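*Asks:* Sequential numbering of the sequence shown, starting at 575, is according to my numbering.
Treat each hint with caution, since some may be false.
Straight-line C-alpha distance at most 25 angstroms; calculated DMTMM-like pairs for lysine to aspartate or glutamate [claimed, not checked]:
#1 655 with 585
#2 745 with 762
#3 599 with 644
#4 677 with 644
#5 677 with 651
No lab work stands behind these hints, which were simulated from the structure alone.
These numbers were taken from a predicted model, which means no experiment stands behind them.
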Amino acid sequence: MEYAAVVGGCEGCATPAGARLANRKATGTMPHALMLIFGDTLLAAEAFDRRLDDETRRIVLVDTFFGEAEESLRIADAMGKRLYGVRLDTPSELGGVTPDLAKEVRTRLDAGGHRDVMIFVSGGMNPDRIRSFATEGCKIDGFGVGSAISGARPIDFTADIKELDGHPIGKRGRSLGITPNPRLECIDLGNWLV
Numbered sequence: 575m576e577y578a579a580v581v582g583g584c585e586g587c588a589t590p591a592g593a594r595l596a597n598r599k600a601t602g603t604m605p606h607a608l609m610l611i612f613g614d615t616l617l618a619a620e621a622f623d624r625r626l627d628d629e630t631r632r633i634v635l636v637d638t639f640f641g642e643a644e645e646s647l648r649i650a651d652a653m654g655k656r657l658y659g660v661r662l663d664t665p666s667e668l669g670g671v672t673p674d675l676a677k678e679v680r681t682r683l684d685a686g687g688h689r690d691v692m693i694f695v696s697g698g699m700n701p702d703r704i705r706s707f708a709t710e711g712c713k714i715d716g717f718g719v720g721s722a723i724s725g726a727r728p729i730d731f732t733a734d735i736k737e738l739d740g741h742p743i744g745k746r747g748r749s750l751g752i753t754p755n756p757r758l759e760c761i762d763l764g765n766w767l768v
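Construct all of the structure, not just a fragment, from the sequences and the given hints.
*Replies:* Right under this line is the structure:
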């Protein structure tokens with residue numbers, strides 16, 4: 575699915591398998607679970623920072639315990655130049671991520687001397703919501719889009735095993751062996767698990 579999303583115009587993907595298929599580096603942000611486990615966004619961000627290689631961008635989720643603007647400034651002050659960006663993923667129960675919220679975060683970061691910190695938004699993003707940020711003149715550096723893509727109408731298919739060690743095989747009711755298709759290519763998954 576991630577490969578298809580990149581082919582369809584998305585900038586990146588989060589899993590190693592999707593990134594390899596799309597010839598990209600896997601990217602992502604911290605999950606809410608990490609903050610909940612640490613009990614503090616800053617402690618989680620510092621652990622995240624310590625464990626990642628230097629090339630990995632530090633994008634911290636800032637809506638778990640406190641207001642997004644307050645938490646963004648707190649994280650930016652503590653991490654300084656190591657912080658690449660913040661992600662707003664406010665739940666719909668609290669009004670969701672809005673252009674006004676993103677503008678407030680940008681204003682607070684800029685006033686605190688953190689003009690280089692990027693802002694990413696996620697949570698129910700779809701083309702109409704993304705357009706609303708542009709219409710409101712809100713500068714967003716990236717959108718995390720999930721269910722608008724993954725919730726698209728499915729194309730029915732099966733992932734049957736059709737050949738083992740060069741021998742045609744198939745379950746009862748299906749044809750044996752691989753169905754020739756010049757658009758398909760063999761992918762070696764042997765070295766993908768790290």
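*Asks:* All hints, please: hold or fail.
*Replies:* How the hints compare with the structure:
Restraint check for residue 655 and residue 585: the C-alpha separation of about 23 angstroms stays at or below 25 angstroms, so the hint holds. Restraint check: the Cα-Cα separation between residue 745 and residue 762 comes to about 23 angstroms, which is no more than 25 angstroms; the hinted pair holds. Among the hinted pairs, residue 599 with residue 644 is inconsistent with the structure: their alpha-carbon atoms are about 31 angstroms apart, more than 25 angstroms. A threshold of 25 angstroms between alpha carbons decides the hint, and for residue 677 with residue 644 the separation of about 13 angstroms falls inside it, so the pair holds.
At roughly 19 angstroms between alpha-carbon atoms, residue 677 and residue 651 fall within 25 angstroms of each other, so this suggested pair holds.
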